[in-house]
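Peer 1: Spelled out, the chains give:
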Amino acid sequence: MIHSTGVEPVLEARGISKRFPGVLALDGVSLALRPGEVHALVGENGAGKSTLIKVFTGVYRPDGGELRYRGAPAAFGTPMEAQRAGIQTIYQEVNLVPMMSVARNLLLGREPRGRFGVIDAAAMYGEAERVLAGYGVETDVRRPLRTLGVGAQQMVALARAVSVEARVVIMDEPTSSLEPREVETLFGVIGRLRDSGIAVMYVSHRLDELYRVCDRVTVLRDGRLAHTGPLAELERLRLISLMLGRDLSDVRSRGLTRFSRDRHRTPGAPSTEDTPTEDTPTEDTPTGDTPAKEEGAVVEARGLTRRHVLDGVDVSVRPGEVVGLGGLLGAGRTETAKAIVGALPLDDGQVLVAGLPLRAGSTAAAIRAGVSLLPEDRKAEGIIPTLSVRENIALAALPSLGRAGVVSEARIDRVVEIFMRRLRIKAASPHQLVSELSGGNQQKVLLARWLAVRPKVLLLDEPTRGIDVGAKAEVQALIDELAQEGLGVLLISSDLEELVEGADRILVLREGAVVGELSGDEVTEERIMATIAEQAEPSDG
Amino acid sequence: MNREQASRVLQQHGAVMVLGMLVIVGSLAFDSFATPANAASVVVSSSFLAIIAIGMTFVIISGGIDLSVGSLFVLGGVLAAYGSQYGPLVALALPLAVCGVVGLLQGLVIARTGMAPFIVTLAGLLGVRGLMLAISDEGATTYLVEDRAFAALGQGEVLGLSYPVYITAVLAVVAMVLLQRTGFGQNVYAIGGNEQAAALMGVPVARTKVSVYVMSGLLAGLAGALNAARLSSGVTILGIGLELDAIAAVVIGGTLLTGGAGGITGSVAGVLLLGVIQSLINQVGSLTSAFQQVVSGVFLALVVVAQRLLSKAQRLT
Amino acid sequence: EAPQSAPAATGTAGQQVVQTPTGTAGPTCTLEQFGGTKFDLKTATVGFSQSEKEANPFRIAETKSIKDEAARLGITNLKVTNAQSQFSKQITDVQQLIAQGVQLLVIAPLNSDGWEPVLQQAAAKKIPIITVDRKINARPCSDYLTFIGSDFYEQGKRAADRMIEALSGKGKVAILLGAPGNNVTTERTNGFKDRVKEQAPGITISFEQTGEFAREKGQQVTEQLIQSNPDINGIYAENDEMALGAVTALKGAGKEPGDIKIVSVDGTRSAVQGIADGWLHAVIESNPRFGPLAFETAGKFLDGEAIPDKVIISDRDYDTTNAKDSLGEAY
Amino acid sequence: MAELAHDRGGRPDGRAAALKPQVYAWVQDYGVYAAVLALLLFNVLFTPHFLDAANFRTQLVQVTPIVIVSLGMALVIGTQGIDLSVGSVMALAAALTVLYLGYGWLPALVVAVVGGAVVGAAGGALVAYVGVQPIVATLALLVGVRGLANVLVPQLVEFRNPDLIALGSSSVAGIPVIVLIAAALTVIVLFVVRRTTFGRQVVAIGGNRSASELSGLPVKRVLLTVYVISGLLAALAGVLATARLQASDPTSLGLFIELSAITAVVVGGTPLTGGRIRVLSTVMGALLMQLLAATLIKHNLPQSWTQMVQAVIILAAVYATRKRGTR
Ligand SMILES: Nc1ncnc2c1ncn2[C@@H]1O[C@H](COP(=O)(O)OP(=O)(O)OP(=O)(O)O)[C@@H](O)[C@H]1O
Ligand SMILES: Nc1ncnc2c1ncn2[C@@H]1O[C@H](COP(=O)(O)OP(=O)(O)OP(=O)(O)O)[C@@H](O)[C@H]1O
Ligand SMILES: [Mg+2]
Ligand SMILES: [Mg+2]
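Protein chains in written order, with this note's numbering: chain E, 1 to 541; chain F, 1 to 317; chain X, 1 to 331; chain W, 1 to 327.
In case anyone wonders, no lab produced these hints; they're calculated from the structure.
You may find that some hints are simply not true.
[Stated by the list, open to error] Derived list of chain X stretches under chain W, where covered just means 3 residues or more per stretch with a C-beta under 8 Å from a C-beta of chain W:
hint : region
1    : 48-59
2    : 216-225
3    : 248-255
4    : 305-319
[What the hints assert, rightly or not] Label pairs and their computed distance ranges (CB to CB):
hint : chain 1 : residue 1 : chain 2 : residue 2 : range
5    : W       : Ala53     : X       : Asp325    : 16 to 24 Å
6    : F       : Gly160    : X       : Ala71     : 31 to 39 Å
7    : W       : Tyr103    : X       : Ala71     : 35 to 43 Å
Using N, Cα and C, we set each Cβ at its ideal position, and we do this for glycine too.
Put together the whole structure using the sequences plus the hints.
Peer 2: In structure tokens form, the structure reads like this:
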């Protein structure tokens, strides 16, 4: 990874500042991006990475400083101008049009033309299929994009950005929803881009990836430039200390709290204490007594089936247990979780909480019975953008935070305060709009929402997606702590390391069916990969 | 996949199917319903609303709404009748120019200030009607179309159908191609589906928005002008509540008010549905006016419910 | 037989009376001139296109009168449509009536202009059209047969006479206008203003706002009016509903009957009662009972008789001298 | 879009950046109050007899039905919905009131309000359970319910019930009773929006429906309830308007009031995209529209001018109070 320092930067920021009401998101940041380099941009949640990218691409205009592109001052008024000039971007939140078809999303703005300059639909679909196949997405390109999983959508966004003539490609956390296999595909693409002299800016919270593909790194902290330099020379812990703004020795001695390493206990070990739940569900868990198949499970799903999506999935979680769900994109993990909380209509199957069946199709009933889901798609299914951080946190717990339908502001304040502190949510105030927070902090707000209802079982779908190293460790520690307190957790993560470290037991899904269960010593990354691969061939037949 | 495609077609053409059912029921129930003369009256009278609905479809798919079309329709008619004293070209150009400019202004305000289209065009509804009253002496003056050539545009017939029907058909086809097969059409869908994403994907959001309101204004003005040619006069009491008819037709046709999905065929079918409902009520011929309204309301509700259930059927596959 | 005698024959109170005797004034029309063929009215299909909902006394009385007379004459095939105040719909309604094969059309037009498409179709099939209450701007005896109704301009003039008399030719008057763009509004306004200008220069019209022919709107506008123009002496309301709304407003403001002189047009029962109670000064009648006259005219026409190109009915006035006695005849 | 559009507010030349956003924010939040004040000032200077107490009573009394209807409309709009049926519900309430007046004014009022709630429930059910888009669901009701009202009471009926007339015309301490009722309803709705679980759920659903569903909110029930409340309030407005008119007029009572109410809500700063409800500003919005109409009438402008001036003022008010990032 030797790069010639003499090369002129293709894209350069000089002393860029950007202010939002109440926050100085960027404060005199300078950064130079050279042709043929992969440049990592890192920092904590809310450090200003996405904001800087949006300044580069004309979404925001800086309040101060100068942008230079190909040696001349540049000011892109709109993203379109930036694109025309050759800057392609994959944004952190999937920014495509969910209702349009996959093909139209992929080729919007450069559809193949037929006679009379009219779009040639057949050619368009063919082209789209061809391009996407190169990224491992095989699907009916006529389908609306929203019917794809988040990961597949991300691949479409990637393919869209990269398949255009570009001088600069900017990727804001492109791997946060990708599978290992897709990540490899992505790295292949990045390599090709670099070789053809294109500058790549790469934002990620996954340090391993950075060290694998990046040449240089820029660290942002609280909107200021903390460090720029070659990455290979930078020790990992030193990078972390730069990001967090802590002393190197401090990080070294105390380490980063992660999952405690003693997870893989014998399944069913008695939990220290039960999480106290204030309102015991009565109406929603009818007394139709069906004895639990598995002893002591708080939640047990049996034979969850939905045509084309789920095929007889059985899952059970005991108090204090962390059950991982592994599998490739589209394996049906998200669907399993949604089915358990009643957010996905089922053709067949049943969910039991503490041995009593849940009313089908009612999320409210599931929540009252103590089963909650932290959804995968933060923007579409998580935050209420028009409400403040405070209202977002209190939302699900509202009925218990008041009397006779009248809310108690004092109790809300107390709960919000507790969780904002415990999860270190970075916001100007509890009254800031949640849509103004950085992605990672939005995720923490959602986690707080669910913890505030004091669930017995928490289903976490990609809980650390987009969360910085520090916060990720905090969240993982939190999961650990909660499990120790007796909470049952179902953990879905595309980050195999996280899955292995966090889970007591792992169910591997493929094409909507459970194809393997790993527990105890079997819980390793290799075994998970092997289980997926083993099963892949026979089940394809 | 085949099943999926089939049900997609089902949703998009739910209105067409309900229309078909209604026509069959109507023909069985009334002798004088499925006659060429009656069919012609439904088709001809629907054509003006259809022209407006085509423009409205673009606006709604883009995520907006245009309440000013009823007022633009009557203004277009008055201007056309006024302009016809200077020849057929002026009769056509004057309303198109004025209504196009109104659409342009509304589009600019919406695109540049981010104000809600509902409110901007509601102001348009009021302001344009005020303008129409101002140029017609508070509605007291009705300009007459003396120019034969222009009148023929609204009255001439081929195969028992008057020219506006053919004009509407051509416009519908052009609109369909525009929407499905051009970059502009794709942009309209994209900004309606997710405006922010569309902007990031390089769609010229402001330009596209302005364009759809200009189109809507032009089409409403054109419909008004053609109607003035048909009636041979610039009637000043037209178009009240027309915007709601147009919106209803478009929505019944399967276009989502939230934007991002829909199409022209559905809207045209929606317009015809409204026409057929009226015609069926006239066939009964003995309902009191109050009961006619009840029946229209119930019909409308049934149609949207049916259309909704058809599109729900798609989700379940 | 002169049409004047017709009302007496039916014996119902408040029947329409024709103003101009037939033979004397204006051109006439015969079946031969019109070019139609004779048919039997009893077995014919007759279409009646009403313009507005039958939700005010005028429209209710009008439709009822047409239906009653058809029934009385034994016409079984009467088709009625209602345009719900939408002019485009009325054009379509009539076209669909033609498509259903009507042989005679009675139309209460929502607007005077814009009938071209209907007239063409009707002319092609030689269907005679009688328009009631409002005129159609076209040629009688070729585009349509004839018009039966009141003279709205004349009504405005007569209302002005009553106002001038009430104010002894001096004072400030407000006008509650009807719906904008409506022929009736325009003519009743012009008649009133022209007459005031001509006869009573001492009267100024200091306020004119639309009350859209509705009672609530009349009330609201009057409330604003008497606040900002407390020196107003008279109110001319272009229909009874607005006048009665004005009365409610005046009562609410603590005025006494007669403080402000109100003159209106229509002659509904409530308005006539209003005269008796002292709140209204006078009401100019606009008679909606078109049935007998319309079918009589059609009958004569089919019998080959010459009929006039317009049949103007003579409307009466209501005032304190006759209000109590005439209550039964008001509609 | 929120992000994109927000930027415009945060991008004022860079220099006075710290102060200007606050001014913007203030105008956004209180612009409608400022507009009402400005209009009041204009009238005090240029309209004769404007400062009479009776004049203020007139304006308040006239605005009452719009205020009451707007309160319900604000809730509906908060859920990202819209209710076009309110005018027809007023007409239905007028019809039911006189039909049942024989049993006394209170039973008549109860029947009318229940009738309004039933219509609201029908609309709400179509929206929440069938998934029909609010604008068409309530459009069907707009057409059908007015017809129903006319079927029940075909033409204007005057009544002499002294209690009902008193409801419409009497005052307590110089303040008309119906104005007091509107004030009380405003306080109640304000409380519901600010202080109750239900109120929070309404805005949450408007802000993000699928997130609300996943958060266990009773989405369908809340939606249904919101339309029921809107119907109920519209019916009450209908009864009060009827009492004031001293006649039941299902034909023209409440015609086009839906547009006035929507305007009041939006001018007050509640976005049509839902997720936010501003109750007091909605009332101010209604007052603004009322004062505007009164001003134009008092200065005897022709209809054409009235409509054009209204258009301009609506645009200006919404422009000033617009929240960047709302469509
Ligand atoms: N539209 C906005 N309005 C107000 N504040 C904003 C807005 N966008 C970003 N911010 C603030 O600017 C700061 C930087 O946010 P940014 O999204 O750039 O962080 P980030 O480094 O990308 O974080 P993450 O790793 O979580 O994605 C944060 O404090 C955030 O709250
Ligand atoms: N690469 C892909 N190609 C085509 N379709 C895909 C792909 N990935 C996902 N899908 C579709 O998306 C749907 C939803 O997948 P789902 O979200 O349940 O998967 P998952 O196991 O939760 O994976 P993840 O959450 O990591 O995206 C699947 O039914 C599948 O049809
Ligand atoms: Mg970011
Ligand atoms: Mg998933």
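Peer 1: Each hint: holds or not?
Peer 2: These are the hints, each one checked on the structure:
1. 48-59: holds (count 5)
2. 216-225: With 8 residues in contact (Cβ-Cβ under 8 Å with chain W), the coverage given for the region 216-225 of chain X holds.
3. 248-255: holds (count 3)
4. 305-319: violated (count 0)
5. W:Ala53 to X:Asp325: 16 to 24 Å: Distance hint for Ala53 (chain W), Asp325 (chain X) is violated at roughly 43 Å.
6. F:Gly160 to X:Ala71: 31 to 39 Å: holds, 35 Å
7. W:Tyr103 to X:Ala71: 35 to 43 Å: holds, 36 Å
The structure does not agree with the numbered hints 4 and 5 stated previously, though it agrees with the rest.
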